[in-house]
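Number of protein chains: 2
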Amino acid sequence: MELDYDPLKRFGRHLAELRRAKGISQERLALESGLARSYLSGIERGVRNLSLMNICILAQTLQLPPARLLEFSADPEPESTAPG
Amino acid sequence: MELDYDPLKRFGRHLAELRRAKGISQERLALESGLARSYLSGIERGVRNLSLMNICILAQTLQLPPARLLEFSADPEPESTAPG
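Going down the list, the protein sequences come from chains A and B.
If you're matching positions, the first sequence starts at 1 in the numbering used here and goes up one per residue.
If you're matching positions, the second sequence starts at 1 in the numbering used here and goes up one per residue.
For the record, the hints were derived by calculation from the structure and aren't laboratory data.
Check before you lean on any hint, since a few could be wrong.
Unchecked claim - Simulated restraints on C-beta separations:
(1) B:S73 with A:E32: 19 to 25 Å
(2) B:R28 with A:S38: 35 to 41 Å
(3) B:S38 with A:K22: 37 to 43 Å
Unchecked claim - Derived pair list, reagent style SDA-like, types lysine to any residue, alpha-carbon separation capped at 20 Å:
(4) A:K9 with B:M53
(5) A:K22 with A:Q63
(6) B:K9 with A:A67
Beta carbons: idealized from backbone N, C-alpha and C, even for Gly.
Chain A extracted, bound-state conformation (with noise of 0.2 Å):
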């Protein structure tokens, strides 16, 4: 089974949209959750495959549901559009 998208990345931005939503910054998100603040600046980036326990961390860190933050569209990239 190969992912028509990035899950990395759209969780990753949605994860800071939900931060920024509830006014917290990535150092105190980090500070509050345990999570290493290099390791939730990857996250946010898309480059760290998070596990489903710190996942319910965050979640319960930013007082949300665990189900909100893999609410982000499963949809498939579009097409890249190359300049000329």
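Start from chain A and add chain B according to the hints.
Positioned in the frame of chain A, the structure of chain B alone reads:
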């Protein structure tokens, strides 16, 4: 941050329910998702901490949105009621 519930157990039970509701055997889900049967069995028993990537692969295999797989209760575990 400590969780007051076990997300692995909640996820595993919930995944098994979703799979059965689709009328799909564990063997078939393993085959179609590309995960090892023993690994999937461990996930459903709540002893494996799977990654975001594998959550999304299981969701796509079950033709469900990724968030659906995390729609389990995050309520604290009830106090255990030992008999006698």
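Of the numbered hints stated previously, which ones are contradicted by the structure, given in increasing order? Going through the list in order, the structure violates no hint and respects every one.
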